[in-house]
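With these hints in hand, go ahead and build the complete structure from the sequences.
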Amino acid sequence: MQRVLTQRVARLFAVRIKLSPSVGAAANMSTLLVNRPQYSCLRELGLSEDNDGVYNGSWGGQGQVVTSYCPANNEPIARVRQATMAEYEETVQKAQDAWKVWADVPAPKRGEVVRQIGDALRGKIKALGSLVSLEMGKIYVEGVGEVQEYVDVCDYAVGLSRMIGGPILPSERPGHALIEQWNPVGLVGIITAFNFPVAVYGWNNAIALICGNVCLWKGAPTTPLTSVAVTRIVAEVLERNHLPGAICSMTCGGADIGTAMAKDERVGLLSFTGSTQVGKQVAMMVQERFVFEDADLNLVVPSAVFASVGTAGQRCTTTRRLMLHESVHDDVVERIAKAYKQIRIGDPWERNTLYGPLHTKQAVQQYLAAIEQVKQQGGTLVCGGKIMDRPGNYVEPTIITGLPHDAPIVHTETFVPILYVLKFKTEDEAFAWNNEVKQGLSSSIFTKDMGRVFRWLGPKGSDCGIVNVNIPTSGAEIGGAFGGEKHTGGGRESGSDSWKQYMRRSTCTINYSKDLPLAQGIKFE
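Count the sequence shown with the UniProt record's numbering and you get residues 1 to 525, in order.
Please note that a few of the clues may not be correct.
[To be verified] Only pairs whose alpha carbons sit at most 20 Å apart, straight line, appear in this in silico EDC-like list of lysine to aspartate or glutamate:
id	residue 1	residue 2
1	Lys100	Asp264
2	Lys423	Glu236
3	Lys486	Asp406
4	Lys124	Glu239
5	Lys126	Glu112
6	Lys460	Glu485
7	Lys500	Asp515
8	Lys448	Glu326
9	Lys438	Glu396
10	Lys448	Asp264
11	Lys448	Glu436
12	Lys423	Asp296
13	Lys124	Asp296
14	Lys460	Asp428
15	Lys448	Asp296
16	Lys124	Glu149
17	Lys361	Glu149
18	Lys263	Glu90
19	Lys486	Glu436
20	Lys341	Glu396
Hints are computed from structural coordinates only; laboratory data are not their basis.
The structure is reproduced here in structure tokens:
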């Protein structure tokens, strides 16, 4: 999995969808979950048996019809009509026209519209969180929490809308003013993945809007209903404010739409959360956690369990490698294995469930393939390693020991709930193992040694974009900039000064005097 925020990204990515050969053939009305009373939240969100997958001020969709399936039972939920390339072209043109209107709206008033979007999401948070749980497979509380992240970043963006701007700098020439002016880049493309089908769009959308940009969103092909439902909520806010709906456009689709967005020079900025399917074209990231001999193990164990099995191991910041000092290795492994056995596995909609299914059947096969590689490379299964005997895409959360730090499978992102536990002797060794991989999103250490803390945060410490101490690798706050280094991208989203990536900077010199002093002391007589 890779998250990139860049001016131009031209990558190909594969998708996993089930195409309906004809409307009603693969999933007829009587079998769709959208028609069952217990899933009334879907109707509350405006969803039906067949849903338009294009929005640019009006709804449409003339492309292939895809059926969205529930990973907890592999039953069909509803269908979505994807965009054609002609509809993509039309949507980009409408978005460009909408930008001419939106860019003229003062930033604080743009913030007011974003505030209303946040309030609208609050009003639908339970229904939308239930949809995320149903379609993606994460547990209900995580689904609601993901929508809450979008709400929170809307609140953040409202305040930011009155603060963005550049400094007035001292000019070396008398009678001159030197200022920085920040202007929107125009059209921001947002391509999101299945694991966070609401939050990642929200991080980008709210900040991009207050900066004066318009957005074009392509969600994951396996979570199209979530994309449609979110867009309906946002579209209603724009309509109430008499603004062009194309300010927040959406085109559901597969690799053709994503590739078009990546290559489209009219897209001033592309936020791209990529697929693990094409490893050489979309670099993937591996998260790290270190536990030193002086660590508080009462913090370590719940943190490691939460970060390794949360969302069934499908978070961008899921812990993949757990590096334990040799003096605490056996104790921590025993405690974590015991905790794994107590994890409540079940239907994501059940409020007590802590661990749900993988998103697709293909992910289950990736899990099995990884387990086989573990065995071939000499790893030991502490627990897990098998498919669970129940409907849906359930696998056992797995702990692996005995592999060397540079084993190929340890450096491979499988995006499934497999935790590789490594044993180290020294701080230098641990830090080196952290930085030896090509990826670098999130990392954390557990220690009471303040010297080690600042070495970890310093130039010879972790080279990740997120560097934590005594907390899990997952669960980043919206107020900080979110993103990684090396093959993980280098771009940033959400908080801190990430807003600058959604704007272009101009350095402006204004002569308000009657003289013309030139740079470098040049004089024309």
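Broken hints, by number:
Going through the list in order, the structure violates hints 2, 5, 7, 9, 10, 11, 13 and 17 and respects the others.
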